[in-house]
Structure formats: structure tokens, C-alpha cells
Amino acid sequence: MDTTQITDAPPPSPRPPVLVPGRAARAATRPGDRVFLGLARGSGIFLLLVMAAIAVFLTWRAAAAISEDEGNFLTTFEWNTAGTEPVFGIAVLAYGTVVSSVIAMLIAVPIAVAIALFLTHYAPRRLSGPIAYVIDLLAAVPSIVYGLWGALILVPHMNGLFGWLDDYLGWTGVFDWEGGPARSMLTVGILLAVMILPIITNVSREVFRQVPRMHEEAALALGATRWEVIRMAVLPFGRSGVISASMLGLGRALGETMAVATVLSPDFLIHGSLLNPGGGTFAQNIASKFGEADEFGRDALIASGLVLFVITLLVNGAARAIIARRKEYSGANA
Amino acid sequence: MAKRIDVSGLSAYYGPFRAIEDISMTVEPRSVTAFIGPSGCGKSTFLRTLNRMHEVTPGGRVEGKVMLDAEDLYGTGVDPVTVRREVGMVFQRPNPFPTMSVYDNVAAGLRLNGSYKKSQLDDVVEKSLRGANLWNEVKDRLNKPGSGLSGGQQQRLCIARAIAVEPKVLLMDEPCSALDPISTLAIEDLIGELKQRFTIVIVTHNMQQAARVSDRTAFFNLAAVGQPGRLIEIDDTERIFSNPSVQATEDYISGRFG
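Quick note, the sequences are listed as chains A and B, same order. Following UniProt numbering, the numbering of the first sequence begins with 1 at its first residue and continues without gaps. Following UniProt numbering, the numbering of the second sequence begins with 1 at its first residue and continues without gaps.
Everything labelled a hint here was simulated from the structure, so no lab data went into it. Some clues are possibly wrong.
Distance ranges between label pairs, derived from CB positions [as the list claims (entries may be wrong)]:
1) B/116 <-> A/312: 38 to 48 Å
2) B/8 <-> A/320: 53 to 63 Å
3) A/129 <-> B/22: 32 to 42 Å
If the Cβ cut is set under 10 Å, some of the chain B residues that face chain A in the computed set are [to be verified]:
4) 58
5) 60
6) 81
7) 87
8) 92
9) 95
Computed cross-link-like contacts, SDA-like style, restricted to lysine to any residue with a CA-CA straight-line distance of at most 20 Å [claimed, not checked]:
10) B/195 <-> B/211
11) A/327 <-> B/100
12) B/168 <-> A/324
13) B/144 <-> A/324
14) B/195 <-> B/222
15) A/327 <-> B/150
16) B/144 <-> A/322
17) B/144 <-> A/326
18) B/144 <-> A/239
19) B/127 <-> B/64
20) A/327 <-> B/166
21) B/144 <-> A/236
22) A/327 <-> B/143
23) A/327 <-> B/141
24) B/144 <-> A/323
25) A/327 <-> B/212
26) A/327 <-> B/211
Built from N, CA and C at the ideal position, the CB exists for glycine as well.
This is chain A alone, in the form it adopts within the complex (with noise of 0.2 Å):
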């Protein structure tokens, strides 16, 4: 840079635009962009409409149902609806459905995290692609594999981990364990954590390699260890993506079907252990009984759908609002 001063006299300001009445106004537009802006607006505009077509059709059926009830909607612990006097509610089954996600959570995001942490920042290249090829086999398992899976290995060898945990936390009541057949939530949710294991690792996997380099070199300049590079820059960084992800995978749990009807052993009360077998989840309620419902118990099914949408989008409001909260930090400012 010169400091010698600039003595020159400033440009002359270019003309004002000559503005032509009525038609000036509006900027001349292309037809690409115009062909681009209505495929974009439309597009947006159709999973609108799809959105409330959905809601529209849950509402107007379940309604028809819930007229009907005899019981409370939503906290009878009965599913009848085949009489003349249907009781039927979801207390259970919602208890069931965010009990079972919220193990599978537990489980599945640290382990997701360390994983894609492990195949961004320790692991060698030469090994980092081919786990991250078997993770995607993962998510390429059918759901009914997994259920089978689930039923005819899982549940019979989580006698030991039942046992062990009865012996040392049973007394807390919620892994109590009375000795039944381990087809219980604990056994669920661990079958769900493994199924969304993929999807969480893969988006937060993506996620921590789009870190700015210059940001770890920041903090490896200021004499940070690889742990420590990674707590300062790598995880704030990633944090809203991780949020989302889990979404992604949370959103898979909460609607998981053939994988629980498979393993869980059903019946319609709320067990306060999630060692012992019984239970239920919305998407496996449907799936068991809608086969041999009558029209209107297909009707209390969909009103059940219609609870399971709600809850989904009341989750994904909550981590959107989470994402939001600190979006002046994200890092999508740098």
C-alpha cells in the first residue's frame, strides 16, 4: 500500500437511470431464470400442498374415529375396536414410541459421532473408506432383515446384559426384570439405535469435513491437541449438523415398523421396566392390527398416524428452534 495522498478528483458519478413511467420499474428478467424461478417456487409450493394433503386426510379420518371413542383418546390403555362400544386411546403407544427412540438416541448419536469423528480425524485414509463403505451397508439392510435379525439373535442373547443390569440398577425399578423373553423396549431401542446408526454417522461424517481447515489450523497454532482441535473447532462447528442429523436418524426411529413388530411382544399397558417384555409403538400398532381392522379400525389406526405426525413434527420444530438459537455462532458466517 502507498500512503502517498490521492489527489486526484473523484470520478463523476454515473448518470441516474432515466426512468421510463410504468414499465421501468420492473427489471428485465430472463426466461431461464424465470423458467428456474417458477420450477423452484412450484416445487416448493407442491410439498406444501403434499404436507397438508396429509394432515388434511389424518384429521379428517381420525376425527371420524375419535367421535366414536368411548374411552379417552389419549390415555385409555386399551386398543378395542371391534365392538359396538370402541375403547381405544395411545397413551401406551406414545410411551412406547419415545421411550424406545429416546434409548435409540442414547445409544446411537455418541457412538455416531465418535465414528465420524474416528473416519475424519484419526483414522488413516486407507482405512476411513471402507468403514465408511460397511456403515452404508448398514443403512442398506431392509428393516424386516433387521426385525429377524433382532428377534432370532438379539433377544435371546441379552439374557446376560438383563441379568447383569437386574443384579446391579434393578432396584431402581426401571430395570427391573421379572425374567421373561427380552422382546422389551430396552431390546428395541437397541435395534433401533443400530438401524439409524448410519444415517447419523454419515450426515455428521459430511458434516466434520466440511470444517474450514484455517479453523483447525487456528487452534492447532494455539498448541491444541487433536482432542482439543476437535472440541474447539470441530464440534461447535458441526454442532447444528449433528443436531440435524440425529433428526434425521430420531425421525427414522419414531416411525420404525417391521424391525419392532418382529421383536417387541406386544400387550397395552405401560411397564415401568424396560427390561420386562410388552408394550407398544404407534407404527407397530398399525402394522399389527391393520390387517384385520374393520374400516372404522382403520379409521382409530390413522387417528393413532395422525398422533405419531404430530409428535415428529413438534420434535423437528424443537431442533429447528435449537439450530436457530445460536445461528449467529453456526459458522455459516465465517
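Got chain A sorted already, so can you dock chain B onto it with the hints?
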């Protein structure tokens, strides 16, 4: 406080490619040494060998010796993390942590080194920001994100972050190349103040800048693309810019190439 750097026979590699070859020089404490030379001549690579940042690059490898007073930075058993706590660095593009406030950015290095009381941190943060001539501009928004500052302010924030841990040496890799002239001037003034306390090494593409801020200037060049960069000469800045002893230096400075 400030320490002397003594480099001998240093070469740096990216995989099989030798980027710089056989560099030896001494950098005096409490002085500013500028590295100039055409793009690709290895001056940034050399700078990054001085705080062991070069080996962070995949395939990066260093041969030779760098002494910081009596300590061999590449000696066996020397932890690069410890080296980087003694030799701070400011990068080409301002890189405050986007997820941290102004305050947390400055305190980041201290928090790595152990736990401090809030009042101690407050003191160091204020002192460092004053040291970087930034205090008056940010004292009312210490808890706002560092990435909300202007480019020049961000770079001074990075300098504050680097000096907060009281390094012995401060390395600057083209610290003004992403900044406008006013911000550049602010940083150059700051370099003049910081050299009272630190040994400063600065890489620059701007020869007037080298002439303005440095006491000593080192000229790097490479024989051809694909050849390793070498140190052509290092001398007092005044002498390099008025009467260099090597013809190539003269040609570069007078704008005949580069």
C-alpha cells in the same frame, strides 16, 4: 520473553517433493524479519516449519534443525503441541473461531493451558485486545460473535488471540493480504509495537510492506517450477532494498520478475 531462532540445514517435503532446500538463518529476538519472494518459493512452507505446522499437512516432513534459544524444536521427544504454544501464528485469512464470541476467541489459548479465574481471564483478554489495538472497538461487544467483526478487526482479533498466550515468537503468514489499505496500516503499526515484546517473522507479497515493517529481510527464490525453493540472501532490510548482494534479489525488488 522473545527468543532467538537459529535454523540450520532445513529442508521440507510434501511427500516425495522437496519444497524448500537447505535453509539456514538466524532471526534475532525483538526484531521483525520479513520473508519475500515469488509465489511457490516456499516462504510460507518455511514459516510453517518454525512452529511445526508443516507436518500437519498430509505427507509433510522436515529435515534439519530449528533452535529456539537452546531448545531444538525438532529434537527427539519434543511435543509439537508445546512448540506451538511458544511460537504463535497468524494466518493469511482472518480465522477467528466462528462459534465463539470475541472474548472466548481471545481466551481460547489460555483455556487450553489450564484453568484460570474469571478475573484473570478478563485481565488477559483486555490486555491482549489492547495489545492488538482492538480494545476500544470491541469492548462493548465482547460477547458478540467474533465473525461479526470487519476483516481487519478479525485479523487483529486473531493477533490478540495469538499474543494472549504470551508466545516467544509470532509468525505471520501474509497477515494483510486479505485486508484493505486502512486495516493494513493498522496491522503494520501494530507489528511495530509488538516487536518490543516478541520475535516476529512475517511473510509478505508486498515489498513496500516488507520495507516498512521489517528490520531484516530474507529473499527466497526457486530455480524453476518443480524445483525446491531456496534462501537467496538475508540482510538488513535497508541493504536488501538499496544494495542487495545478489543480482536475483535486485531483479525481484525492482520488479523485473515475480
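20 Å limit on alpha-carbon distance, applied to hinted pair residue 327 of chain A and residue 143 of chain B: holds (14 Å)
Is the straight-line distance between the alpha-carbon of residue 144 of chain B and that of residue 323 of chain A 20 Å or less? holds (17 Å)
Interface hint status, residue 87 of chain B versus chain A (Cβ within 10 Å): holds (9 Å)
Is it true that the C-beta distance of residue 129 of chain A to residue 22 of chain B lies inside 32 to 42 Å, as the hint says? holds (37 Å)
Can you confirm whether the C-alpha distance between residue 168 of chain B and residue 324 of chain A stays at or below 20 Å? violated (41 Å)
Hey, residue 144 of chain B versus residue 236 of chain A, does the alpha-carbon distance stay inside 20 Å? holds (16 Å)
Proposed proximity, residue 239 of chain A with residue 144 of chain B (alpha carbon, max 20 Å): Holds: residue 144 of chain B and residue 239 of chain A sit about 19 Å apart, inside 20 Å.
Holds or violated: residue 327 of chain A with residue 211 of chain B, Cα cutoff 20 Å? violated (43 Å)
Indicate whether the distance between the beta carbons of residue 116 of chain B and residue 312 of chain A respects the range 38 to 48 Å. holds (45 Å)
Can the restraint linking residue 327 of chain A and residue 166 of chain B be considered satisfied, given a maximum Cα separation of 20 Å? Judged against 20 Å, a Cα distance of about 32 Å means the pair is violated.
Is residue 144 of chain B close enough to residue 326 of chain A, meaning Cα to Cα at most 20 Å? With Cα atoms ~11 Å apart, residue 144 of chain B and residue 326 of chain A stay inside 20 Å; holds.
Does residue 95 of chain B pass the interface check with chain A, least Cβ-Cβ distance below 10 Å? Since chain A brings a Cβ to about 4 Å from residue 95 of chain B, closer than 10 Å, the hint holds.
Hint compliance for this structure: hints 5, 12, 14, 19, 20, 25, 26 are not met, and every other hint is.
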